[in-house]
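K.L.:
Here is how the chains run, residue by residue.
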Amino acid sequence: MFVINCPYCGERDQSEFSCGGEAHIVRPKQPTELSDDEWAEYLFMRKNIKGVQFERWNHAHGCRKWFNMVRDTSNDKIHAVYKMGEKPPVI
Amino acid sequence: MKNNYSIFSLVKNAFSQHENWKQAWGNPEPKKEYEAVIVGGGGHGLATAYYLAKKHNMKNIAVLEKGWIGGGNTGRNTTIIRSNYLWDASAGLYDHALKIWENLSQELNYNIMFSQRGVMNLAHNLQDVRDLKRRTHANRLNGIDAVWLDTKQVKEFCPIINTSQDIRYPVLGGTLQRRAGTARHDAVAWGYARGADAMGVDIIQNCEVKGIKRNGDQVEGLDTTKGFIKTKKIGVVAAGHSSVIANMAGLKLPLESKPLQALVSEPVKPIIDTVVMSNAVHAYVSQSDKGELVIGAGTDAYISYTQRGSHDVVEGTLKAILELYPIFSRMKMLRQWGGIVDICPDASPIISKTNIKGLYFNCGWGTGGFKATPGSGDLFAHTIANDEPHKLNAAFNLNRFVSGDLVDEHGAAAVAH
Numbered sequence: 294m295f296v297i298n299c300p301y302c303g304e305r306d307q308s309e310f311s312c313g314g315e316a317h318i319v320r321p322k323q324p325t326e327l328s329d330d331e332w333a334e335y336l337f338m339r340k341n342i343k344g345v346q347f348e349r350w351n352h353a354h355g356c357r358k359w360f361n362m363v364r365d366t367s368n369d370k371i372h373a374v375y376k377m378g379e380k381p382p383v384i
Numbered sequence: 123m124k125n126n127y128s129i130f131s132l133v134k135n136a137f138s139q140h141e142n143w144k145q146a147w148g149n150p151e152p153k154k155e156y157e158a159v160i161v162g163g164g165g166h167g168l169a170t171a172y173y174l175a176k177k178h179n180m181k182n183i184a185v186l187e188k189g190w191i192g193g194g195n196t197g198r199n200t201t202i203i204r205s206n207y208l209w210d211a212s213a214g215l216y217d218h219a220l221k222i223w224e225n226l227s228q229e230l231n232y233n234i235m236f237s238q239r240g241v242m243n244l245a246h247n248l249q250d251v252r253d254l255k256r257r258t259h260a261n262r263l264n265g266i267d268a269v270w271l272d273t274k275q276v277k278e279f280c281p282i283i284n285t286s287q288d289i290r291y292p293v294l295g296g297t298l299q300r301r302a303g304t305a306r307h308d309a310v311a312w313g314y315a316r317g318a319d320a321m322g323v324d325i326i327q328n329c330e331v332k333g334i335k336r337n338g339d340q341v342e343g344l345d346t347t348k349g350f351i352k353t354k355k356i357g358v359v360a361a362g363h364s365s366v367i368a369n370m371a372g373l374k375l376p377l378e379s380k381p382l383q384a385l386v387s388e389p390v391k392p393i394i395d396t397v398v399m400s401n402a403v404h405a406y407v408s409q410s411d412k413g414e415l416v417i418g419a420g421t422d423a424y425i426s427y428t429q430r431g432s433h434d435v436v437e438g439t440l441k442a443i444l445e446l447y448p449i450f451s452r453m454k455m456l457r458q459w460g461g462i463v464d465i466c467p468d469a470s471p472i473i474s475k476t477n478i479k480g481l482y483f484n485c486g487w488g489t490g491g492f493k494a495t496p497g498s499g500d501l502f503a504h505t506i507a508n509d510e511p512h513k514l515n516a517a518f519n520l521n522r523f524v525s526g527d528l529v530d531e532h533g534a535a536a537v538a539h
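Heads up: the protein sequence lines correspond to chains R and A, in order. In this text, residue positions in the first sequence follow this note's numbering: the first is 294, and each later residue adds one. In this text, residue positions in the second sequence follow this note's numbering: the first is 123, and each later residue adds one.
Only chain A is shown next, with the shape it has when bound in the complex (with noise of 0.2 Å):
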């Protein structure tokens, strides 16, 4: 790698203030042709870059970006990592994907800022507390870590929940996965755009895909607004603009594009360690390193691309916070934001070949997609390499939706959708 980080590069850097620290991807103009085209510069889109590379051997690959590398829902999601989800095919790819998390800054070379602590999914009622507890059999089984925790065991963990059994939705226990947490995301699109270039990826950024040319049924390439594009195969990683792409490629997909917001609060000293999540009530929290408290609030319940979304939402879930945490009733917002997502019917994603040859969607990651980015870039990059889904995603078709074989991920996740 052109600029390994070290403790040693560190030092020799503060010799000459540094200002010699070499970019750490570059800039160039589009080739001609590529052997593969990834559509979307966002974790997921860059890691599938990366492992095309690193484990397929394509090195002439671009990844077109229509805004700037992390600018997208890499940089607006609320960094949460976690692999306890309820159906088989859901925990192999997502625990898939947190197994490679677990090595990442070292393999990357470039601090994703990893942080083990553990993710809390809370139950309010007697069904919650049956759903949650089936979940933690069902994760136990897979392999993954998943305990449950009683109403008092819940408070030793994280103190600082109401736990009063007065108040509108009580706290009537909660699962445990030690090895949840959370990374900071934008270093994780940084890290994988670093590591592609380095494999000779060019990064395109500012570079809009405008149409697909096909020929039949085979992709010829793309037009950008850095003009046209050859290749044979075209990745798909465009989250809530997936079916403006499919469109382009008179594709239509089973997806509805909603805006997600998130919320973080003033910087003050470490309050919470964890993470903790509750579906009942919609509202999850957590602390960045910087101190700030990170809320996710919910989807706007209908579709839009404005990356804004609606006030009501952020009330809703800051009055569950405050229930939850009176200790934060005088705490100040410091900013708001909204992505746009792409949510499937069945809340599960699409990692997908589908019936154009050399045309392939990874999308549906809807409101949780963070946490998959580097299994998600794993298994597209195998799947476009050998133009055939790995068994972890092989579920994950677009053709479950003609089949049935849905994989129901909607609520049975303690996703907070």
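Okay, chain R solo, but in the shape it has when bound (with noise of 0.2 Å):
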């Protein structure tokens, strides 16, 4: 447990958040022409980094907006939350 900086609110305690996972998966652009081993990588298959890792997070018991965070799972130490859309800094 920890303390996100939420983007839009502030401070608040981890348990309001809830995590959609790894960030930055290109949704496909022509989802017709993937091979199903291109739809199982999409899908399923996922870096679980133990280490710095880029993850979505949503501030699902506050202002239910979606944001993207750097954090180190080894740790649990956050090192950025930046907004969707802007660009992954450099860790």
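Hints should not be assumed to be uniformly reliable.
Distance condition first, Cα-Cα at most 30 Å in a straight line; then the derived DSSO-like pairs of lysine-lysine [said to hold, decoys possible]:
1) R:Lys380 / R:Lys340
2) A:Lys335 / R:Lys340
3) R:Lys340 / A:Lys355
4) A:Lys177 / A:Lys352
5) R:Lys343 / A:Lys354
6) R:Lys343 / A:Lys335
7) R:Lys370 / A:Lys374
Don't read these hints as lab results, they were simulated from the structure.
Put the complex together from the two separate chains, hints included.
P.N.:
This is the structure we're talking about:
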């Protein structure tokens, strides 16, 4: 458990948020042309990084807005929070 | 076996103040090359090595463990064993394990304290009732013992449960698998370690894998903190760290690693002689032989490798426990800990070959791997030795995420995910 600095609401307990997993997985532009392997890659395969990870979060019990976060999964230290559509910071 | 345990050896060693017991397993340095290397010295990894040596005559093998035997999830789970899963593939897998559990102390000559005290799963709403009744029927069709209990029978079986219909989530009934139960978790790892060691398996502790060397599509060996080890077959059983190892081989897995918590209370006299699980309110409880209540909480809903877990998750579980068991209201909790579990999208495990030759994965057990330990080891050993899955783990291949033939046990199995 940790405190997240929501870009819209400020600092709140992590329990107010829900995690949407790995960020910056691009939705296929031509879904009909995808092979089964490519679908599996898009839907299921994850880096599941131990270390610095870029991920999506939603302030579910707050403003309900989505945003991105950079967190070290080995110690839960948060390096950066940035809005959807913004360029990911270099960590 | 070099050190047979029996009443006679106990008496004999009593005369020397128990100072002459031999070490249960050795502490060798790694050889340059092995026929196969198992990465991960937890219950599943050690069982894999044990069955490779015993059933497939592969004796020149090693188990690499980055910490110590029994220090990972093997020593962190809530020790529940059951096989009442919904789908045929899961029922086959988990009941295979349960059948091995029933004779495992004798087979290993090591008391794993297997206790078939029964596991009861509670229903708290009409959908629970329908789901659990359906699962009971499915279990019986698969030859797995399961019965449906109404509220009165639940109360008779476990009198301390609050069956008042006025609570927030009243008990509307439950299922009972009498063959299910618990075992001493670290004894399972120790027993398998001792058994594997006696057949010549090298158990190498404090040895972390740092890289996997490939030559094209074939594995060549492992870089470890104790140097390079050459091998043509690598079986990875690294639980929460499976993705970390997979990434070393340039492979991605459909896994997310999350902390799962458990806690134990101060020890008290026997009060609950079975295991009671409740999926809807997320509370499960049993009592250890030492008298501690063993309570399982849920996972944190985000990826983390911290082995801690959040306080609010524990709080939620204890609230549910207190409503179901008001008698525990003044109990003090003694210890709390977290383990990292690797969860598949369909909440079923992967025991599979990969598209890299000689690289095998046994992972994705998520929140419920302990119960499968002997079966998992047996089937993974078969898969590694024959380069083909056994029919019982054929459905649990990696390719199911491509074909779409998932084994969707999420919520269906009364598993507390």
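K.L.:
Take the hints in turn and mark each one as holding or not.
P.N.:
Hint check:
no., hint, result
1, R:Lys380 / R:Lys340, "holds, 20 Å"
2, A:Lys335 / R:Lys340, "holds, 20 Å"
3, R:Lys340 / A:Lys355, "holds, 24 Å"
4, A:Lys177 / A:Lys352, "holds, 23 Å"
5, R:Lys343 / A:Lys354, "holds, 27 Å"
6, R:Lys343 / A:Lys335, "holds, 20 Å"
7, R:Lys370 / A:Lys374, "holds, 24 Å"
When each numbered hint is compared with the structure, no violation occurs for any of them.
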